[in-house]
Amino acid sequence: MKHWAQQRMIYGLAAVPALLFLLFQIWPLGHAIQTAFTNETGQWTLEPARRVWGDPLFRRSLGYSFLIPVVSVALEAGAGVAMALWFYFGLGRARGFWRTIALIPFAVPEIVYLLTMKLVFRQNGYLNSLLWHVGGSEATVGWLEPGTPLMVGVVILVDAWRVTPIVLLIVLAALEQVPESYLEAARIDGASVGQIAWRILMPLILPALLVALALRAVDAFRIFATPLVLVGIDALPVLTSVAYHYQEFARDGAAANVAALTLAFTLLLLTGLTLLGMKRRRSS
Amino acid sequence: MSAAGRASRRGMAPSRGARRGLTWAGLALLLLVNCIPPLLVVRQAFAPLGEPPGMPLRLLPGRLSLGHLAQLLETQNLLGRIGLSLWVAVATTALALALGFPAGWGAVHLRRLGDVMTRLSLASRILPPIAVAIPLTALLIPVGLYDHPFGLGLVVAHLTLGLPFAILLAYAAFREVPGELEESARVDGCTPLGAFWRIALPSVRGSLAGAMILVFLLSWDEFAYALLIQLTNRTLPPLIYYFTSYGDMGSASTLAVVMLVPAAGVIFVLQGLLTRGALTGGVKE
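For the protein sequence lines, the chains are A and B, in the order given.
Quick note: the first sequence uses our numbering, first residue 1, plus one each step.
Quick note: the second sequence uses our numbering, first residue 1, plus one each step.
If you're looking for bench data, these hints aren't it; they were derived computationally from the structure.
We treat Cβ as the ideally placed atom computed from N, Cα and C, and that holds for glycine.
Treat each hint with caution, since some may be false.
[Stated by the list, open to error] Facing chain B, from chain A, some residues (calculated, C-beta under 7 Å):
1) 14
2) 108
3) 111
4) 115
5) 119
6) 124
[As the list claims (entries may be wrong)] Pair ranges (Cβ atoms, derived):
7) A:204 - B:33: 54 to 62 Å
8) A:15 - B:60: 51 to 59 Å
9) B:90 - A:59: 38 to 46 Å
10) B:26 - A:60: 33 to 41 Å
11) B:94 - A:15: 17 to 25 Å
12) A:56 - B:197: 54 to 62 Å
13) B:94 - A:191: 50 to 58 Å
14) B:194 - A:97: 39 to 47 Å
15) B:189 - A:42: 54 to 62 Å
16) A:176 - B:176: 18 to 26 Å
Work the whole structure out from these sequences, hints included.
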């Protein structure tokens, strides 16, 4: 099968994707480094980097960019596993239908999902209208009021709810592959549902769950649209939206590229460390 | 009777009725939380133009109207926006599949290449679109692809998302095709490309269809690249964002309803793919 001619053909097939990868992912990053760290005369400079790293807006965004993945992934893991166990034990044949319902937030386009959440949570929104109907005008709450911890919580919750279905689907699929005989044996030994879930099912679904959560942490770290659409850049800055702010509103290309590079390399570093850690754990 | 059913019947503590009540309460909550907000978008889209924004809002508008739609058609060149979004998504899908499936097939046949290619595809998934889009716009401007009326720059950007995705899906699918099938075609005088076209590709058409839908939606839904690259010739997602940030929820909702039309079908397709393992396996006879 591995004739010389065929090998050459296969390399040919891979050449165009490789070229596109170089041209539109690696070259832009190289260009970003050049824009961020050289001045008009082509000399290396740290001036834009210092300007960005000292900017209070950027500093705040760093804090949020690390806070959001931690809280969001914890929420997704908790809610996803709980829902999967509930679906597994509590729902029989109707499981497929309810799984579809649970998938809705992920299935609608992100921007549409965010629009629905804005309609629900804004000051003149539907949730406050509901509270008004129940408890009068004093009952309304500033869900997205800038500068409040509640607003941060709502944004994170909105982000987490959209991807919880993915965790649910992956965990549920893992659960459904657990052989019936394992459960049977545990039941004969008198294990309760709680014990079966914790002692038998949890260890079996853990590998699938960890992979899902690692991917989700990456996504949460580069979160962009959710805080931008719900509350705007200044109320809840993240690394991506601050880079966008420098580019489109401050018209500061060097600063935008510094922020973009900080984001890209932090992500690559974190991913590399995670992979290394996983490898070491597996080998030990 | 399923395993789950038996498990819950033999379960302990709360009475059966109480547990059933709890289950129904949970399901009702799930239904409300997930189904009401999208319906609110539909409600907002078909509300009359001058609806007073005062609190408290009513769940149903006084009367239905196509005012927002008519206004968008008149002032925003709505059909042009929809056409651009569609064209970008179709072009991205066609290119991603035409390049990605042959490459994925090659990766299966050449182990060394396959390892590199799948790793690079995963790595490019980690790079945040915003971080790439900012320097990319600077590179697109001199070649005239920035804010292109036919979105050519955006097609390229979406290709960097769709192509790795297509390669990974193709790689997973072609790995499931038995090697003997192609081997025997070669013995019967088929060229390598002929074996790809006549044997391998038809046996993964399930995955091909799945990849087509997923890449299409990847582009159709994409927000960050579109926001940065199409500054005036906007596609639908950034346009929704602009209307939302100006507080024009009626127009934003009307566009959202348009965006939902292709997305509505995918919920079933996506679920089928994820649960039947076609994303990692592909169809097997």
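* Do the Cβ positions of residue 15 (chain A) and residue 60 (chain B) conform to the proposed distance bound of 51 to 59 Å? -> Holds, at about 58 Å.
* **CB-CB spacing for residue 33 (chain B) and residue 204 (chain A) relative to the 54 to 62 Å hint** => Given about 29 Å between the Cβ atoms, the range is violated.
* Could one say that the CB atoms of residue 176 (chain A) and residue 176 (chain B) fall in the range 18 to 26 Å? -> holds, 20 Å
* Asked: Is the gap between the beta carbons of residue 56 (chain A) and residue 197 (chain B) within 54 to 62 Å?
  -> This hint holds: roughly 59 Å between Cβ atoms.
* Beta-carbon spacing of residue 194 (chain B) to residue 97 (chain A) - inside the hinted bounds 39 to 47 Å or not -> holds, 45 Å
* Just tell me: holds or violated, for the beta carbon distance of residue 189 (chain B) and residue 42 (chain A) against 54 to 62 Å? => Between residue 189 (chain B) and residue 42 (chain A), where Cβ atoms are some 60 Å apart, the hint holds.
* **Restraint outcome when residue 111 (chain A) is required to lie within 7 Å of chain B by C-beta distance** => Holds, about 4 Å.
* With 7 Å as the cut and Cβ atoms as the points, is residue 115 (chain A) at the interface with chain B? -> Hint on residue 115 (chain A): holds, closest Cβ of chain B at ~5 Å, below 7 Å.
* Do the Cβ positions of residue 94 (chain B) and residue 191 (chain A) conform to the proposed distance bound of 50 to 58 Å? -> holds, 54 Å
* **Evaluation of the interface hint that places residue 14 (chain A) against chain B, nearest CB under 7 Å** => Holds. Min distance 5 Å.
* Interface hint compliance - residue 119 (chain A) to chain B, C-beta minimum distance less than 7 Å -> This hint holds: residue 119 (chain A) lies near chain B, its Cβ roughly 5 Å from the closest one there, short of 7 Å.
* **When the least beta-carbon distance from residue 108 (chain A) to chain B is tested against 7 Å, hint result** => For residue 108 (chain A), the interface hint holds, since the closest Cβ of chain B sits about 6 Å away, which is under 7 Å.
Checked against the numbered hints above, the structure breaks only hint 7 and satisfies the rest.
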